[in-house]
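Visitor: Now for the letters of each chain:
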Amino acid sequence: MPAPRMYKTEAIVLRQRRLGEADRILCVYTPTFGKMDVKARGVRKTTSRMSGHLQPLTRCMLQLAQGHVSDVVAGCETLESFQPLRDDLDRLSRALYAAELIDRFVPERTHSFPTYRLLVETLRRLAEAEELDQTLRFFEMRLLDQCGFRPELEVCAGCGMRLEAVDNFFAPISGGAVCRACGGGGMGARTLSLNALKVLRLLQHGSYNDAMRVRTEGTLGREVENHLRSFIVCVLERDVNAAAFIERLRREGAQHAVEA
Amino acid sequence: MNESTPATAAPLARLIDELYKLPGIGPKSAQRLAYYLLRMPVAEARALASAIVEMKERVTFCSICQNVTEVDPCRICVDGDRDRTIICVVEEPLDILAIERTQSYRGMHHVLHGAISPIDGIGPEDLKVSELLQRLRSGEVQEIILATNPNLEGEATAMYLTRLLRPLGVRITRLARGLPVGGDLEYADDVTLARALEGRQEIES
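So the sequences go chain by chain: A and B.
With the first letter of the first sequence counted as 1, position 132 gets the number 132 in this note's numbering; the numbers rise by one all the way through.
Converting from the second sequence to this note's numbering requires adding 260 to each position, the first position being numbered 1.
Since the hints were derived computationally from the structure, they do not count as laboratory data.
All clues given are correct.
Beyond 12 angstroms from chain B on every Cβ pair, some chain A residues (computed):
(1) A65
(2) G67
(3) L118
(4) E121
(5) A129
(6) C147
(7) R162
(8) A165
(9) G184
(10) G186
(11) N195
(12) G221
(13) E237
With the Cβ distance kept under 7 angstroms, some of the chain B side facing chain A (calculated, not the full set):
(14) L412
(15) E415
(16) M419
(17) P440
Note that the structure is predicted; figures quoted are calculated from it, not measured.
The beta carbon of each residue, even a glycine, is placed where N, CA and C say it ideally should be.
Could you build the full structure based on these sequences and the hints that come with them?
Guide: Written out as structure tokens, the structure reads:
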């Protein structure tokens, strides 16, 4: 049976780019069709009835018409606008980071309901949570897991021996934590403190509530972030753009605090 | 893009290649435009070519407001009748034209030449933010109007500038957001309607 010419789907708008006079190409993530590009005509005009419903980081119901190259948005309605994300630059920058990771990790037209649900839940959490960075770390670990890039944290990713309860190394190129013998020889391995290993394991195995119970401010939080970031960069073979902006906000925030 | 075939003269193929580089122009459009230019009278073709060259040679950025101009500082920046205590910050030079068309703003402008888009790797360092800060050092400016687009990138830029400029003690305002003239309430999205409710105004008798 041929696919219907018009169909409906729920979607989260990940990013957008301009097209022609007043159109946009939207990269949307849907639970049933995966990630795809759709065309939204006339949405850059102030008179557009759809533009407000199609902003990035909006969960919406789309009515799509099949097109030759990409499908065209025929109608849309906001389901969830995650308003607090749009009122706070710290929340917004982290939500955009999450959207960029989904865009980079998820292949086109490959649906994964758990990953879609993870993104929706993460956006809700980032809109409400106090601990934004820990929320993001939980998201990163779950996304790596769901996309088949789970870092090895129980045994040495180099020799397979059980990791001892001491400071070890983290080597993204090897696939996770490595013992002192395997990590000492370089290969981009960086020291992994025992506490950071425990936090990483908790992020991998525990629930969101469990992960939020751990206080990871300061150096421990930065260490966990750096290890996970290096792992992601190694898998993607490129930097995550939004990470640089988060870093800049942190730096300027600290500078303002010192000046005040 | 266009392989030089016996059917296409080399200069024409070169023009097609150049036109293809323009935004929104595909291979077929490039061919159509090239053949249209081919049939154009020589005088008109020369006028077009010299307009492009003259524009590239004479138009520059105003050293004060960063708008495109042929004289530096631009005409708006040297206009003595304009209010120098207010700066309206916009994303693109075309936004200045839109604001000037209203004929209800007599302050100064500042063009950022873009908006912050972390996901595309466009950060504050890629915009004319440091030039804006430089302008505020004189102490003459009392108000900054953030007139970036009311979309996610524009909002991110406005929030970033607010954070950056607040310690300087200038008044920071944002263009009002709400329902467009001629729009239907039932089609308004949640965010727009919420902003319209927040910014509701008392009807004066």
